[in-house]
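Using the hints, build the complex out of the two chains.
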Amino acid sequence: MTASPDITFDLAQAPLRELNSALHKATGETNARLWRVINPNGRHALAAGVNAPVTIEVDGHVGYYCAGMNQQARVIVNGNAGVGVAENMMSGFVHVKGDASQAAGATAHGGMLVIDGNASARCGISMKGIDIVVKGSVGHMSAFMGQAGALIVFGDAGEALGDSLYEAKLFVRGSVKSLGADCIEKELRDEHRKLLQEKLEAAGLAGTVDIGEFKRYGSARQLYNFHIDNAGAY
Amino acid sequence: MTSQNNTPRTLPRFSSTFDPHTLAEIRRAAATGIYDIRGGGTKRKLPHFDDLLFLGASVSRYPLEGYREKCGTDVVLGTRFAKKPIHLKTPVTIAGMSFGALSAPAKEALGRGASAMGTSTTTGDGGMTQEERGHSSILVYQYLPSRYGMNPDDLRKADAIEVVIGQGAKPGGGGMLLGQKISDRVAAMRTLPKGIDQRSACRHPDWTGPDDLEIKIEELREITDWEKPIYVKVGASRPYYDISLAVKAGADVVVLDGMQGGTAATQDVFIEHVGIPILAAIRPAVQALRDLGMHRKVQLIVSGGIRNGADVAKALALGADAVAIGTAALVALGDNDPQYEAEYQALGSTAGAYDDWHEGRDPAGITTQDPALWSRLDPVKAGRRLANYLGVMTLEAQTIARACGKSHLHNLEPEDLVSLTVEAAAMAGVPLAGTEWIPGRTGY
Ligand SMILES: Cc1cc2nc3c(=O)[nH]c(=O)nc-3n(C[C@H](O)[C@H](O)[C@H](O)COP(=O)(O)O)c2cc1C
Chain E
204 MTASPDITFD LAQAPLRELN SALHKATGET NARLWRVINP NGRHALAAGV NAPVTIEVDG
264 HVGYYCAGMN QQARVIVNGN AGVGVAENMM SGFVHVKGDA SQAAGATAHG GMLVIDGNAS
324 ARCGISMKGI DIVVKGSVGH MSAFMGQAGA LIVFGDAGEA LGDSLYEAKL FVRGSVKSLG
384 ADCIEKELRD EHRKLLQEKL EAAGLAGTVD IGEFKRYGSA RQLYNFHIDN AGAY
Chain U
1493 MTSQNNTPRT LPRFSSTFDP HTLAEIRRAA ATGIYDIRGG GTKRKLPHFD DLLFLGASVS
1553 RYPLEGYREK CGTDVVLGTR FAKKPIHLKT PVTIAGMSFG ALSAPAKEAL GRGASAMGTS
1613 TTTGDGGMTQ EERGHSSILV YQYLPSRYGM NPDDLRKADA IEVVIGQGAK PGGGGMLLGQ
1673 KISDRVAAMR TLPKGIDQRS ACRHPDWTGP DDLEIKIEEL REITDWEKPI YVKVGASRPY
1733 YDISLAVKAG ADVVVLDGMQ GGTAATQDVF IEHVGIPILA AIRPAVQALR DLGMHRKVQL
1793 IVSGGIRNGA DVAKALALGA DAVAIGTAAL VALGDNDPQY EAEYQALGST AGAYDDWHEG
1853 RDPAGITTQD PALWSRLDPV KAGRRLANYL GVMTLEAQTI ARACGKSHLH NLEPEDLVSL
1913 TVEAAAMAGV PLAGTEWIPG RTGY
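Those sequence lines, one after another, are chains E and U. All residue numbers for the first sequence refer to my numbering, where the first residue is 204 and numbers rise by one. All residue numbers for the second sequence refer to my numbering, where the first residue is 1493 and numbers rise by one.
It is possible that part of the hints are untrue.
Unchecked claim - Partial list, computed: chain E residues near chain U (C-beta under 7 angstroms):
| # | residue |
| --- | --- |
| 1 | N223 |
| 2 | A248 |
| 3 | G252 |
| 4 | Y267 |
| 5 | A309 |
| 6 | T310 |
To be clear, the hints were calculated from the coordinates, so they are not data collected in a lab. Ideal Cβ positions, reconstructed from N, Cα and C, are used throughout, including at glycine.
Next up, chain U with everything else stripped away, as it sits in the complex (with noise of 0.2 angstroms):
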């Protein structure tokens, strides 16, 4: 109205409370009746190892050549009960994904991938496949609240056992893999019907509480004469009791997933509002070790949105003793891939949003049971990006190691980090960069 003699008037502003993704979610519900289902992890920008720095050596500290001086990357888990540990080349393991949520070529290349880095695989909530057991030199075999698929040969075949309490993505609740991927070989490996959407239980069916996981990890020691690691998984939220019960009841290692961990399927709401971020979850978990003696006895493995050689070297600075990778594994595989844009936007997607994995009709052939998508994946060139992929992640963090005068990524540690923002600070234990306030820790 005013507009016509030129004065100023009110852009359309829209509310950043009520934001367009908000009220398209609102919009989407009332139409549907149904919440929303989707694969992946977090999507709201969450305090992350992007607010920590590095202190690089000068005058006070003394680096390492380049190029010439050793930084050892090895790591040994499963050194507390177990006869036979784990001896990994890289600190980076490849994380626990069912077959079902993916394909048989991508189970492949994901043993492949790993196999030449010399690290782990993980199997997931749908037993262990030919496939990954035969192309994985080491390969985790996760137990789960389902037990799908689970028997007592596969257990010996497998190099290490995860008993897998919750993940990040998810705290408390159980998988979930709807009917579109249910194949036939998916439905009898988990002697389900075809087709049906199937929902995992979140608790296991014979425990409940540590003293009875207790019980139950040496049912499996016993079962496997006491020779391979146990792991414990938790989704992080009160990091430091879940460790200190995980170790009181017999874990080898714990496994601690960040609220940013991807998942197969499972409500919108879950994955952006149950858990904390890795960030807020590694130096409890590490309390709760050291307060134990147990640190470095009993190893940690974390996860939730590890992207790349500074994100590995963050956390092990924080005090784990090893990453695992789920979400950037699978793109290198593939997963996302711009050369997809199109089919990408026939799904109502594009490439780098798409996270409709529980349908089954990935264009990639990565999170999907439909053998014509299947081929497109090649599990050996894809094998191979995995393994250049790692390759990188291992190189990049020996750079800050060496950067910071260490000889082992192990030798890492808090002080070598300060933040960038109070919130990331308070909840890394780092000082804020420049200063030496360590927000809630040092007399403020």
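Next comes chain E alone, as it looks inside the complex (with noise of 0.2 angstroms):
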């Protein structure tokens, strides 16, 4: 903690619903900005449907759907995540100091998720615009179906990354196990150094890593009409 918290909520003391529904019950306007919630202890749940510009601090491991459909929060866990953290985030800033279970960022519309470890399966699946950075690796199935917005990972990522893949950007600097059905290599142009440069400075990791090591994977864009000649790849 550099600041002292304006609030600090203990889990083993009072129940989840008062620690979200007070969170819920805050608003732009709100004085409390910087919250802290010590002991949870791997709750679920935890700071779901937040919608101000307040900041969270999670002292433990927290258990699935940590910051789920989040709106302009910043929540930081210190410790690991379990299943679907920031799932559906629509806005704001989701930040994992540990590693994060499967389904991280999952169907997410916008926002920021950071994961400082390594993130299991299906992180990013069904993304729908939302930035994910993990430093560690990523799981099989990575991606999958992912619609929208940039999953960039500095470690490696397992495998079927990015299959049946939609209109995500997916940056990938050490191995691919496999590529899933639709997805391709593509070429990394100036431009995509570019968002990648962007997306490193929003996550506070500019400079961390070379960006010209990174490998771009996109859409091959062959299974966005039926056609019979491709029904082995379904």
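Structure (structure tokens):
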């Protein structure tokens, strides 16, 4: 903790419902800008549905769907996150200092998710505009059916990366075990280097890696319309 | 050869296995190399509510006076956990149908008709539109595997949330919307490129299995501060287990959709061969609720081929709390109307059989995204027709209930029913008419 919190909430003392309910009452004019949550103990749906420009710092591990559907808030997890962290986020910033389980950032429409450790399978599944930066590696089926946004992986990607991909942009610095149906490697041009630079700046990670080391993956757009010759690819 | 000397000859005879429809399908497949995609529900004959009859009151039972004595029709949904349950004046709700599959005027008309009768409408695989939120006094917001357009603002605007696991037309399959219908607006709402053949996922992206579903439901409740009823919708296949698990996962309401249920677009083979008829699914679902002590506490909505007040009464008598209609509501709006016969012919079909809803050329302006066709559907008039139809269904169900001596539709019970066929008797768990025989139940 750098700044001292305006509100400290101890989940060993009070139920999650009380915390979320208080967070939901926070508005743009709220005085309590910095919330600290202690003893999260893997609770699910922690800080889900927040819609205010507050910072929520969680000391410990969180369960499923932490910061689910987040709008505006900055949520920092000083620990690991369970399934679906920041799922369907609309805006804001979620930072997991440890590892994240499956489906991190699933279906999210906006905002940024930064994972310092590794993310498990299906990271960015069905993503719809979120930017995800994983400093470690991601598991299999990541960005499955990804529609929009960017998935940036400093480490490696597991099997079937970008399967049935739409328009999400994928950047992986390490190895990719295999590409999913309709996902291909594409040339990393200047515009993409610029995009990477912008996203890493937004993540607070500019300069930590050499952008030229990334490879870009995207949709071959061969499965966009049904065609009998593609039947084997589905 | 023998006809010359007047000897009777064998007439040309079609095979019932290889009937003309089957032959045409084989030829079509051979010519195109692709399966048939269409809208609507099963077209083959299935055991259905028509196979059941009510035993009106007589000497042994006492009827209610048709126009004088009250017969209640209201239903409250979501009494288990939600702070704000839903109150409906009639147990006939409008099923989830997406904007994208349907035009905006059609969604508006559904909202108008349902609201006039005090019942709910439901969004679909494509997000919530202003047209339907604005015109639906009670709107259920679907939470589907695709999560197209899903966002917390709309979630908070909804009156209830329906987690869709499957639907009767295609249990185990995801949605489908072909390129012709992915207009600019539909594409933007779904974050997809215009004109692509969209395939929705068949599994939810961020949970697997009933234990995860419980956590997902908890999250949705947390996001909406435990206000809204949460429904879980399943296609009928293993209703006893699916309903048990949905209840265990924390559903306030379960929606059970039989194989007759309509769809906007799916493979014909899926529609005709996967899932079970709603008639066969209601009793196991009710049994699951009973075994958990949850019948009438977790409400059961059933759908799939509901057409009139008799179907409503029968579904309720078998233990459902409410029903949902899709296809019938579209017909009430004007779908497949004979006034467009010439145009249906031009599309290679005929009024009443038109099911190429996925092609987006619907002459009635309902299953299309073409603005010129949209303008054919007047949402006010179509909404009025739907309201009339919902009113008639309700009156018909009341007529039957009073004849059976019931002061509320929910007092109808399986004991009021008999079956015309052995199959339906077994599926619905009611005796074959004129006997006490319930196949599979009473020791035969
Ligand atoms: C045009 C159309 C679109 C549909 N879209 C959806 C959908 O988006 N989500 C869903 O759960 N069910 C969808 N359904 C299924 C209905 O919600 C409902 O289960 C079914 O229509 C009930 O059967 P019925 O048509 O025989 O009344 C759709 C049905 C139709 C006819």
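Quick rundown of the hints versus the structure:
Below 7 angstroms, beta-carbon pairs count as interface contacts, and N223 of chain E has one with chain U at about 5 angstroms; its hint therefore holds. At a threshold of 7 angstroms, the smallest CB-CB gap from A248 of chain E to chain U is about 4 angstroms, leaving the interface hint in force. The interface hint given for G252 of chain E is met, as the beta carbon of that residue sits about 3 angstroms from the closest beta carbon of chain U, less than 7 angstroms. Given the 7 angstroms rule on beta carbons, the hint for Y267 of chain E holds: about 5 angstroms separates it from the nearest Cβ of chain U.
Proximity of A309 of chain E to chain U holds as hinted, the smallest CB-CB distance being about 4 angstroms (cut-off 7 angstroms). Hint on T310 of chain E holds. Least Cβ distance to chain U is approximately 4 angstroms, under the 7 angstroms limit.
Of the hints listed earlier, there is not a single one the structure fails to meet.
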